[in-house]
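Could you build the full structure based on these sequences and the hints that come with them?
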Amino acid sequence: MSLQNRVRNLEREIGSRFVGNEEAIRMMVLNHLHPRSTTLIRASRGAGKSTLMLLMLRGICGDDLVVVSGASEVKRGEVVGRLHIPSLEKEGVERVLWAAFIESRGKALDEVNRLNPYTTANIHHLMQFGEVWAYGKKAKVGDYALVANENPLDPTSFIHPPPFYDRFDICLFLRSLTLSEKFRLQELLERYNWNLVESMPQAFSFEELEEARKEVAEVELDPTMVGYINLLVRDFQACIRNKEESEIKPPVLCEGCHFIRDICGMVKEPLSERATVALMHLVKATKWLYGTCEFDDVLRMALWVLPHRLTLVRTRNLLGDLQDILEREKVKVAERDVRRQWSLLNELMKEFNRSIYRLARDAAVEDVAFAEELTKLEERWVSEGTLKQDETLSTQMGWKRPAFEEYRSK
Amino acid sequence: MKSEKYRKFLEQQAEKNPVKIEGSLSTERFKISWQNTKERPAARAAASDILDSLYLGREMEESVVVDRRVAFLLQDRLRGLEEENLRMHRRAKLLKLAVAGLVVVLIFASLALLSAYFRVQLLP
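These protein sequence lines map, in sequence, to chains B and D.
Residue numbering for the first sequence is 2 to 411, as defined by this note's numbering.
Residue numbering for the second sequence is 843 to 966, as defined by this note's numbering.
No lab work stands behind these hints, which were simulated from the structure alone.
Just to be clear, a hint being listed does not mean it is correct.
[Stated by the list, open to error] No farther apart than 25 angstroms at their CA atoms in a straight line, the calculated lysine-lysine pairs in the BS3-like style are these: (1) 331(B) x 873(D); (2) 91(B) x 139(B); (3) 351(B) x 938(D); (4) 333(B) x 847(D); (5) 858(D) x 333(B); (6) 215(B) x 847(D); (7) 215(B) x 138(B).
[As the list claims (entries may be wrong)] Simulated coverage check for chain B against chain D, where a stretch passes if three residues somewhere in it have a Cβ under 8 angstroms from a Cβ of chain D: (8) 96–107; (9) 223–230; (10) 320–333; (11) 354–367.
Quick reminder that beta carbons are idealized off the backbone N, C-alpha and C, glycines included.
Structural data, given as structure tokens:
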């Protein structure tokens, strides 16, 4: 059986034990096709967060799986490592016994919102650098699959820092079951003797997963697809008033801004570059597994890459609001095509031409991401003496680059 | 330093949505036009053009792009319809008044006829 078929088989095995939430299962499987994958599941209590987490990890790691639960008392020695007392007493040597959680390939974090800040900091370091520290000793952590879950409405929560959540590639939301799905769940529970997780077979060995991850990493993406991913992320970051550095955030920052009705005006805290990396991994995995990946697929996958990474100006229903913004993104891409702005930029990159520049200026007042690229070209033309500073769009519209970049160019 | 993929992205986009430049850019005599030099991708199942859906009854895609000219056209059509609506409203009001007047006249005429009839009957 080919690796692709084994991965599809894993999805089938999970799907035959977990009712509903098919999109979440599909995304979770795709997300595990790159090294050191991390998945966060968010749902209210009893929605199946822990079950899905364990089904997935058992499917790819079998018994090589350790669960750290925020609902129980967690000590540092259980998560990272503890001192080997006999070595210290007899030889006076500090030896560290690394915790099973560090050594196992399947890492599960149950109720991560309840983990204390010290444990969270250790796990954050592990996800960031692929290593852990204890008693002055360092241990490198090999490839793994990490799945965490949390109930954001749980009142007994620690508030973990946004950079910690940013380390999770995707954040899946589970919904409760419909009437017919409840019947199906009861049938499944009876069929598997009320233990869905124990019945889950290991679909392939971890070595095979590593092989699949290697193949996925080698998938080449078309520059158009890479461009769409970069544009999508940039649209959630760009701000002509530089919100990343500003002390004032939208919506106050956006008052009187030309782009107030654009996507940038709806995002308070912008995305990190990890969103791009996560999307690239998912697109590569989709192409490897299904043979194709279109822009619509990227938008659908972005829904699970964005929610834990940004803050919106107004949130009624996070997923619903994000879906609306992603729809706008689709329209934005179509409008960019209609304006032929990339063709104009392509011509301007080759050489400056005043007529094309005029058309590009018209396009720039409709699109922040394009305006940024045109502004950069304007600087080059000004330094070459092709264009006067007063004639530039950035001067006339009062658009500025980040303060440190301006300082550097001076 | 520009990325090679970025350059390729721009080139592919330029190929997909070309601008037609007639004449040489190095001279003052050239013309830039927006016309498509090649066909759009094979006909989609649903129309993204709002006019197709309005006038031809085709199903719209999830996102509908309206260019400025179509937006003006729709705006103009809406303005015309609103004016037509006001005109019809005024006409309806006038007709209502006329109908009310006619009903009153009819009632009076009926009463006059009835009274004349009874007067004739009562006479010896």
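(message) Name the hints, by number, that the structure is in violation of.
(response) 1, 3, 7, 8
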